[in-house]
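Asks: Heads up: the sequence lines are chains A and B, in that order.
Numbered per this note's numbering, the first sequence spans residues 1 to 136.
Numbered per this note's numbering, the second sequence spans residues 1 to 136.
I should point out that these hints are in silico values taken from the structure, not numbers from a laboratory.
All C-beta atoms in this analysis are idealised placements derived from N, C-alpha and C, irrespective of residue type, glycine included.
Certain hints may be false.
[Stated by the list, open to error] Some, not all, of what chain B presents toward chain A, calculated at C-beta under 10 Å:
no.	residue
1	L8
2	K44
3	D75
4	L106
Protein chains: 2
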Amino acid sequence: MDFNNLKLNKNGLIPVVTQDIDSNEVLMVAYMNKEAFDKTLETKKVHYYSRSRQCLWLKGETSGHYQTLKHMALDCDEDTLLVKVQQEGVACHTGAYSCFYKEIDLETKNMVEMGDRTKPKSESVLSIFEEVYNII
Amino acid sequence: MDFNNLKLNKNGLIPVVTQDIDSNEVLMVAYMNKEAFDKTLETKKVHYYSRSRQCLWLKGETSGHYQTLKHMALDCDEDTLLVKVQQEGVACHTGAYSCFYKEIDLETKNMVEMGDRTKPKSESVLSIFEEVYNII
Numbered sequence: 001m002d003f004n005n006l007k008l009n010k011n012g013l014i015p016v017v018t019q020d021i022d023s024n025e026v027l028m029v030a031y032m033n034k035e036a037f038d039k040t041l042e043t044k045k046v047h048y049y050s051r052s053r054q055c056l057w058l059k060g061e062t063s064g065h066y067q068t069l070k071h072m073a074l075d076c077d078e079d080t081l082l083v084k085v086q087q088e089g090v091a092c093h094t095g096a097y098s099c100f101y102k103e104i105d106l107e108t109k110n111m112v113e114m115g116d117r118t119k120p121k122s123e124s125v126l127s128i129f130e131e132v133y134n135i136i
Numbered sequence: 001m002d003f004n005n006l007k008l009n010k011n012g013l014i015p016v017v018t019q020d021i022d023s024n025e026v027l028m029v030a031y032m033n034k035e036a037f038d039k040t041l042e043t044k045k046v047h048y049y050s051r052s053r054q055c056l057w058l059k060g061e062t063s064g065h066y067q068t069l070k071h072m073a074l075d076c077d078e079d080t081l082l083v084k085v086q087q088e089g090v091a092c093h094t095g096a097y098s099c100f101y102k103e104i105d106l107e108t109k110n111m112v113e114m115g116d117r118t119k120p121k122s123e124s125v126l127s128i129f130e131e132v133y134n135i136i
């Protein structure tokens, strides 16, 4: 498949939702250009296009927090990508496990930062099975 | 919290990743403007801004496939929202459970549409527990 056949935004980019293959939590949202998309499929390490630095960005290149590609899908109108990854370390540059650690309280509508941001909130299916196995 | 303090795109919109609270699968990606954001928090039914129709869009208004808001979070740089929802019926207008049913085979790089798109791929934690319980 050719990246250029996808529905790209005005800058030739496509948004990418990145999900942890184990916990299924959403880790981050970033963008890919053709080079990042092709490199990701070629190397199985997720590459993005950095809009701030305007260059190819191999996730983990400086932090060691690489994302190994395990699954990739397009949505119905082919304007958004979803990747599932094996995350080394944490996804967020702040040290948080996921970039989405600023919760909005649905009643007060205030923003509340999560206490321990370094771990997934949900447990992986595997660890639940392990727990059940241990109880039995 | 005020929507206008978020990092919006040039059209005054913010991308929203919508996830199923039960299965944790990503259902869709859409956009909110201030009206959609406020209405979502006020009614607990997810509203988006339809970029094609250029108007407020109460998800489920015509299909009955409402999304009840259960969780909302912002990412580290406050330019993307994540909502977790209780999905009535299916999320995609094609009848698929999730909009992300066009998988990309990581070896051949071809697009392969999922067989049964109407159900989540992963099982909810609850149903896994139920299965384990039934086996025991």
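Asks: Against this structure, judge whether each hint is valid.
Replies: Hints, one by one, checked against the model:
1. L8: Hint on B/L8: violated, closest Cβ of chain A at ~14 Å, above 10 Å.
2. K44: For B/K44, the interface hint holds, since the closest Cβ of chain A sits about 7 Å away, which is under 10 Å.
3. D75: 4 Å, holds
4. L106: This interface hint holds because 7 Å falls under the 10 Å limit.
In this structure, only the earlier hint numbered 1 is contradicted, and the remaining ones agree with it.
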